[in-house]
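*Asks:* Sequence:
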Amino acid sequence: MTAIKREVSRAAKPKTYLDSVREVLPRVAAFADEASRDREIPAALANELKDRGLFRLLLPRSVGGAEMDHPDFLDVVEAFAEVDGSVAWCINQNNVYSTRASVMPPELAQEIWGDRRAVVTNGPPQWTEVEREGDGYRLSGRWNFSSGVPHATWLAALTTLRDADAEDNGELPRTMILPKSEADLVDNWQVNGLRGTGSLGFEVRDAHVPFGRTFCADGAPREPGPLYAMPMVLMFASGFSTVALGAARASLDALIEMAGGKTIQGRGLLRDDPATWRQVGQAEATWRSARAFLRQSASEAWRGACEDGAPSLDQRIRLRLAATHGIRMAAQVVDTVYNLFGSQAIFERNPVQRRFQDVHVISQQIQGRMDHYDVAGQHFLGLEAEGSF
Numbered sequence: 094m095t096a097i098k099r100e101v102s103r104a105a106k107p108k109t110y111l112d113s114v115r116e117v118l119p120r121v122a123a124f125a126d127e128a129s130r131d132r133e134i135p136a137a138l139a140n141e142l143k144d145r146g147l148f149r150l151l152l153p154r155s156v157g158g159a160e161m162d163h164p165d166f167l168d169v170v171e172a173f174a175e176v177d178g179s180v181a182w183c184i185n186q187n188n189v190y191s192t193r194a195s196v197m198p199p200e201l202a203q204e205i206w207g208d209r210r211a212v213v214t215n216g217p218p219q220w221t222e223v224e225r226e227g228d229g230y231r232l233s234g235r236w237n238f239s240s241g242v243p244h245a246t247w248l249a250a251l252t253t254l255r256d257a258d259a260e261d262n263g264e265l266p267r268t269m270i271l272p273k274s275e276a277d278l279v280d281n282w283q284v285n286g287l288r289g290t291g292s293l294g295f296e297v298r299d300a301h302v303p304f305g306r307t308f309c310a311d312g313a314p315r316e317p318g319p320l321y322a323m324p325m326v327l328m329f330a331s332g333f334s335t336v337a338l339g340a341a342r343a344s345l346d347a348l349i350e351m352a353g354g355k356t357i358q359g360r361g362l363l364r365d366d367p368a369t370w371r372q373v374g375q376a377e378a379t380w381r382s383a384r385a386f387l388r389q390s391a392s393e394a395w396r397g398a399c400e401d402g403a404p405s406l407d408q409r410i411r412l413r414l415a416a417t418h419g420i421r422m423a424a425q426v427v428d429t430v431y432n433l434f435g436s437q438a439i440f441e442r443n444p445v446q447r448r449f450q451d452v453h454v455i456s457q458q459i460q461g462r463m464d465h466y467d468v469a470g471q472h473f474l475g476l477e478a479e480g481s482f
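The opening position of the sequence shown corresponds to residue 94 in my numbering, with each subsequent residue numbered one higher.
No lab work stands behind these hints, which were simulated from the structure alone.
For clarity, every value in this text was computed on a predicted model and none was experimentally measured.
For each residue, glycine too, the CB sits at the ideal point set by N, CA and C.
Heads up, a few of these hints could be off.
To be verified - Below, simulated EDC-like cross-link-like pairs (lysine to aspartate or glutamate); rule was C-alpha separation at most 16 angstroms, straight line:
1) Lys273 to Asp208
2) Lys273 to Glu296
3) Lys273 to Asp299
4) Lys143 to Asp208
To be verified - What follows is a set of in silico ranges between Cβ atoms, one per label pair, in the way DEER data are often shown:
5) Arg225 to Arg442: 51 to 59 angstroms
6) Leu406 to Thr221: 49 to 57 angstroms
7) Val279 to Trp370: 15 to 23 angstroms
8) Gln457 to Asp346: 22 to 30 angstroms
9) Ala368 to Ala313: 16 to 24 angstroms
10) Ile439 to Asp346: 15 to 23 angstroms
11) Arg255 to Arg145: 42 to 50 angstroms
12) Gly354 to Arg115: 26 to 34 angstroms
13) Leu406 to Asp311: 48 to 56 angstroms
14) Leu118 to Arg371: 31 to 39 angstroms
15) Ser436 to Leu476: 42 to 50 angstroms
16) Leu476 to Gln375: 30 to 38 angstroms
Build out the structure end to end from the sequences listed, making use of the hints.
*Replies:* Take a look at the structure:
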């Protein structure tokens with residue numbers, strides 16, 4: 094069946110938002126230590142990001158969003174990532190989840206994003222209990238890894254409903270939206286990397302969720318733009334890979350800047366050591382190759398969404414591979430820099446220390462798992478790929 098050709102996005106000019114990002118980056122850098130110490134983006138900075146529309150970049154224009162082309166959005170994520178990984182992570186996480194506005198009832202989308210400072214966060218369920226009750230559902234459960242929950246205003250709680258009409262009484266995924274005030278936050282984000290993301294858990298007990306604040310998690314988008322033809326899991330993956338590569342770029346730049354002043358015991362300046370030359374050259378090649386592969390794959394998937402109504406299987410697999418590879422290679426580059434810095438790398442004052450912690454948290458996250466290479470290998474060998482793409 095021929096795919097429905099989607100209208101190519103006429104998004105807001107990305108330069109406008111990139112200019113806004115560049116204006117706010119000095120304050121992102123200034124707040125980085127506070128964000129890491131307090132394990133959340135400081136309220137003053139979070140509100141500035143909201144007021145600049147930087148949490149509405151992928152939101153449909155129908156509810157006041159920018160509906161930015163995805164390759165341009167990655168430029169925004171990259172700019173943040175080279176300054177602070179936690180802010181970049183939240184920019185990607187909260188913006189990508191906002192694309193769910195294209196699936197939920199339009200009245201719910203308007204209720205949420207009618208507030209210019211609205212942010213929705215989500216997280217995988219640890220356990221849930223749900224039953225029908227009057228004009229809605231009674232929900233209990235706990236969800237973890239909810240990035241940006243300190244500055245969020247709404248929570249997206251994924252659960253499952255029993256399908257009484259199905260022969261096997263199967264389960265249907267459903268997302269329930271709650272104001273943050275109706276949940277208890279769980280302070281379980283005790284980590285060394287990406288501390289400023291504030292990726293706490295949240296818990297609700299016997300919360301009443303009206304039918305109108307729920308939607309099918311697997312529903313088809315009602316928005317026509319190509320942005321909503323992009324698989325959400327791959328937008329998460331490519332954005333988080335961009336965060337990792339941004340951390341690697343900042344680490345490598347810090348080493349290059351400081352190499353002329355750092356000495357190696359008994360061997361002179363780090364910059365003048367032949368072993369340093371080779372490692373820096375290899376790290377540059379690794380970083381540039383991984384970034385180019387990611388950006389090429391993201392652009393090809395976007396072209397598929399624009400021209401064919403959705404990325405092809407091959408485009409999706411390649412973006413899945415490029416995103417995971419970008420994360421793994423970013424960690425490799427940061428490790429090279431970390432080792433070249435020697436004992437200085439272990440101190441908080443060293444610019445690579447936070448990046449080292451951040452990139453190794455990203456490599457442990459689901460998008461950095463090694464088994465995504467297996468998915469790509471299955472596809473290239475002519476087998477039916479099994480995975481998330």
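*Asks:* Now look at each hint and say whether the structure bears it out.
*Replies:* These are the hints, each one checked on the structure:
At most 16 angstroms may separate the alpha-carbon atoms for a hinted pair to count; Lys273 and Asp208 meet this at roughly 14 angstroms. A threshold of 16 angstroms between alpha carbons decides the hint, and for Lys273 with Glu296 the separation of about 10 angstroms falls inside it, so the pair holds. Under the criterion of a C-alpha separation no larger than 16 angstroms, the hint pairing Lys273 with Asp299 is consistent with the structure, at around 15 angstroms. For the given pair, Lys143 sits about 10 angstroms from Asp208 by alpha-carbon distance, which is consistent with the 16 angstroms threshold.
Hint check: Arg225 to Arg442, Cβ distance near 56 angstroms, so the stated range 51 to 59 angstroms holds. Evaluation of the 49 to 57 angstroms hint for Leu406 and Thr221 yields a failure: the beta carbon distance comes to about 32 angstroms. With their beta carbons about 49 angstroms apart, Val279 and Trp370 fall outside the hinted range of 15 to 23 angstroms. Distance hint check: the CB atoms of Gln457 and Asp346 are about 24 angstroms apart, consistent with the given range 22 to 30 angstroms.
In this structure the hint that Ala368 and Ala313 lie 16 to 24 angstroms apart at CB is violated, the actual value being about 56 angstroms. A C-beta distance of roughly 20 angstroms is found between Ile439 and Asp346, which places it inside the suggested range of 15 to 23 angstroms. Separation of Arg255 from Arg145 is about 43 angstroms and conforms to the stated range, judged on CB atoms against 42 to 50 angstroms. Against the hinted window of 26 to 34 angstroms, the Cβ-Cβ separation of Gly354 and Arg115 comes to about 28 angstroms, which satisfies the hint.
Our hint of 48 to 56 angstroms for Leu406 and Asp311 is violated, since their Cβ atoms are close to 18 angstroms apart. In this structure the supplied range 31 to 39 angstroms holds for Leu118 paired with Arg371, their Cβ-Cβ distance being about 32 angstroms. Between Ser436 and Leu476 the beta carbons are some 48 angstroms apart, a value that agrees with the proposed interval 42 to 50 angstroms. Remark: the range hint 30 to 38 angstroms for Leu476 to Gln375 is upheld by a beta-carbon distance near 33 angstroms.
Hint violations for this structure: numbers 6, 7, 9 and 13, all remaining hints satisfied.
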